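Student: Below, each chain spelled out in residue letters.
Number of protein chains: 2
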Amino acid sequence: MAALMSTLTKDSGEELAHRGRGRPRDEVVRGRILSAALAVLEDLGFANATNDAIAERAGASKATIYRWWPNKAAVLMEALSEAITQELPFPDTGNLRDDLRLQLRNFIKLLTGRRGRVFKAFVAAAQTDLDVSEAFRSVWVQPRRANAKAILERYRNDDMREGVDLDLVMDCLYGPLYYHVMVRHAPISEEYADALADLIFDAIKKRDCK
Amino acid sequence: MAALMSTLTKDSGEELAHRGRGRPRDEVVRGRILSAALAVLEDLGFANATNDAIAERAGASKATIYRWWPNKAAVLMEALSEAITQELPFPDTGNLRDDLRLQLRNFIKLLTGRRGRVFKAFVAAAQTDLDVSEAFRSVWVQPRRANAKAILERYRNDDMREGVDLDLVMDCLYGPLYYHVMVRHAPISEEYADALADLIFDAIKKRDCK
DNA sequence: AATTTACGATACGTGGAAGTTTCGAAAATC
DNA sequence: GATTTTCGAAACTTCCACGTATCGTAAATT
Chain A
1 MAALMSTLTK DSGEELAHRG RGRPRDEVVR GRILSAALAV LEDLGFANAT NDAIAERAGA
61 SKATIYRWWP NKAAVLMEAL SEAITQELPF PDTGNLRDDL RLQLRNFIKL LTGRRGRVFK
121 AFVAAAQTDL DVSEAFRSVW VQPRRANAKA ILERYRNDDM REGVDLDLVM DCLYGPLYYH
181 VMVRHAPISE EYADALADLI FDAIKKRDCK
Chain B
211 MAALMSTLTK DSGEELAHRG RGRPRDEVVR GRILSAALAV LEDLGFANAT NDAIAERAGA
271 SKATIYRWWP NKAAVLMEAL SEAITQELPF PDTGNLRDDL RLQLRNFIKL LTGRRGRVFK
331 AFVAAAQTDL DVSEAFRSVW VQPRRANAKA ILERYRNDDM REGVDLDLVM DCLYGPLYYH
391 VMVRHAPISE EYADALADLI FDAIKKRDCK
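Chains as they are written, first to last, in the numbering used here: chain A, 1 to 210; chain B, 211 to 420.
These are computed hints drawn from the structure, not numbers from a lab. Quick caveat, the model's predicted, so the values are computed rather than measured. For every residue, glycine included, the Cβ atom is placed at its ideal position computed from N, Cα and C. Among the hints, erroneous ones may be present.
Claimed, not checked - Sample of chain A residues facing chain B (criterion: CB under 7 Å; computed from the structure):
1) G45
2) N51
3) P91
4) G94
5) V123
6) P143
7) Y179
8) A195
To be verified - The calculated lysine to aspartate or glutamate pairs, modelled on DMTMM-like cross-linking and capped at a C-alpha distance of 20 Å, are:
9) A:K206 x B:D377
10) A:K205 x B:D408
11) B:K416 x A:D198
12) A:K206 x B:D408
13) A:K205 x B:D418
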């Protein structure tokens, strides 16, 4: 996190420089830049998302971008973070099987939609860029897994057989979807989501025979 | 495949130009270049694997590389192809559960070893480069899945319950491993492989109760 | 021996993107 | 009104890697 701070954010002294006398930071511009970053990311992918393109799309100056973010990854990361926050909460219907189905369906919608390109771009960039890797995990993966785990935990005693490893279960839910989209590059359907959810549900549900 | 041919290989006229009078192509150099490409790929990843670095490491001239391959992706792709061919066959012990465990263990060894970096690099590159994407699928993913599917097919009647979707099963086997390594960036153990194999085995094995 | 092709070394041209700087104008404080 | 800070525009520098070109030399054919 320290390494992240050093490269993806500015000093807090810079961050809190609003108190001075001069013209305050234009929050509207900040929003436009982040939106533009996300849009460019969706259109061009991580590698091709240049700051020039972002600036042009935002109707902003490139200098303004570098005034507030230290580098390109920082802008893109904050854009993802803003877009993602409180998105796609794990459903909580009270029924385990329904929860699984719903969550996978929602996730597929996200992966196959415009925002799916952003995800693929970030995962790709994370393979070679340590900062992106850590940021992606802390901003997206970990919070989502924690949320999912907390809800699954409540079903543990009543609906699951003993000794189920929830981390493994989540890998089996999310893994195939990422894999499907990123490695097989195959389209993915809601029926697929249901079949996957059912398979995993079947593997972990409580039953009284071998 | 046509698009691939157009960008990742030279004309067959070039390929078969050996019959001329001059000095024949040095196959040793070809091998050195491909080995070097793989080594550089393992060290630096796809994006940072420059042809200059490959040439230097191979003790060859960059001009020689461009004499035989049209661009960077072509060299890297052929390097991967050579390294991968007939590697990691799906085991065939006669026991479904053992097959699953063995395959996952072997795959983990590959993913966590030096060559794992190559995989991650290719998957990452495939997100933005269509040629790499198609080549990776045709050279690696599809052959491996076909092999695995053929073997799993033989267990279908005797050991699996009805209606099991083998493609889905393979997604559940490979998906979590890719996911684990590429998205969570977490280390992965043989115990994890066994637990995953057991979970999936348990989900598809024949049984006579709900 | 003459010719043809391949190789290594190296320099070169090119393009793209990161990040910086300059400048005039706008919006705030004191 | 003077000062301070931000913004937009655009030129600029820097860097890096792709791909090409040149040249002297090595290995083959005829």
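Student: Should the hint that G45 of chain A touches chain B count as held when the rule is a Cβ pair under 7 Å?
Tutor: holds, 5 Å
Student: Is it true that the CA of K416 of chain B sits at most 20 Å from the CA of D198 of chain A?
Tutor: At roughly 16 Å apart (the allowed maximum being 20 Å), D198 of chain A and K416 of chain B satisfy the hint.
Student: Given P91 of chain A as an interface hint, is the shortest Cβ-Cβ distance to chain B below 7 Å?
Tutor: violated, 21 Å
Student: Does the CB of N51 of chain A sit less than 7 Å away from some CB of chain B?
Tutor: Status violated, d = 17 Å.
Student: Under 7 Å is the threshold here; is the Cβ of P143 of chain A close enough to any Cβ of chain B for the hint to stand?
Tutor: Cβ of P143 of chain A sits 13 Å from chain B, so the hint is violated.
Student: Mind checking the alpha carbons of K205 of chain A and D418 of chain B for me, to see if they're no more than 20 Å apart?
Tutor: holds, 15 Å
Student: Tell me if the straight-line CA distance from K206 of chain A to D408 of chain B falls inside 20 Å.
Tutor: Holds: K206 of chain A and D408 of chain B sit about 16 Å apart, inside 20 Å.
Student: Identify whether the interface hint at V123 of chain A stands, where standing means a beta carbon of chain B within less than 7 Å of its own.
Tutor: holds, 6 Å
Student: Between K205 of chain A and D408 of chain B, is the straight-line Cα distance small enough, at 20 Å or below?
Tutor: Given that 20 Å is the threshold and the Cα spacing comes to 15 Å, the pair holds.
Student: Using Cβ atoms only, decide whether A195 of chain A comes closer than 7 Å to chain B, and label the hint accordingly.
Tutor: With Cβ-Cβ at 6 Å, under 7 Å, it holds.
Student: Checking hints one by one. Is Y179 of chain A an interface residue toward chain B, by the C-beta closer than 7 Å rule?
Tutor: Interface hint status for Y179 of chain A: holds (3 Å vs cutoff 7 Å).
Student: Classify the hint on G94 of chain A as holds or violated, based on whether any CB of chain B lies nearer than 7 Å to its CB.
Tutor: violated, 21 Å
The structure fails to meet hints 2, 3, 4, 6 and 9 from the earlier list, while all remaining hints are met.
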